[in-house]
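Undergrad: Counting in the numbering used here, the sequence shown tops out at residue 111, every number present.
Check each hint, because a few of them may be wrong.
What the hints assert, rightly or not - Derived Cβ-Cβ restraints for the label pairs, each shown as a range:
#1 ASP86 / CYS52: 28 to 34 angstroms
#2 THR105 / HIS42: 19 to 25 angstroms
#3 ALA100 / LYS75: 23 to 29 angstroms
#4 LYS75 / SER40: 15 to 21 angstroms
Calculated directly from the structure, the hints in this document are not laboratory data. Glycine residues also receive a C-beta, built at the ideal position from the N, C-alpha and C atoms.
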Amino acid sequence: MTTTPVTSTHSIFRAEGFSCPSCVAKIEKQVGRLQGVQNVSVKFASGRVEVDHDASVTTTDEIVAAIAKAGYTSVLSAF
33 MTTTPVTSTH SIFRAEGFSC PSCVAKIEKQ VGRLQGVQNV SVKFASGRVE
83 VDHDASVTTT DEIVAAIAKA GYTSVLSAF
């Protein structure tokens, strides 16, 4: 049995508009639904959203759109 290695990209976003910890779950749920996303981690205190995804399947623009669909604005972060 052969397994193809999954190409994973680690992208970090800055999101704004968090008002409560349940916001974290809303973002994780929306981004987690995207094809090619392996892991989503939202840091409530810093507004940081970390996503491990296959960049050939899910673009950073699609992740920003998913965060927007959850009701929050975000941008790709340089760090």
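Undergrad: Does each hint hold? Answer for all of them.
TA: Against the structure, the hints:
no., hint, in the structure
1, ASP86 / CYS52: 28 to 34 angstroms, "31 angstroms, holds"
2, THR105 / HIS42: 19 to 25 angstroms, "21 angstroms, holds"
3, ALA100 / LYS75: 23 to 29 angstroms, "18 angstroms, violated"
4, LYS75 / SER40: 15 to 21 angstroms, "19 angstroms, holds"
The structure shown violates just one earlier hint, number 3.
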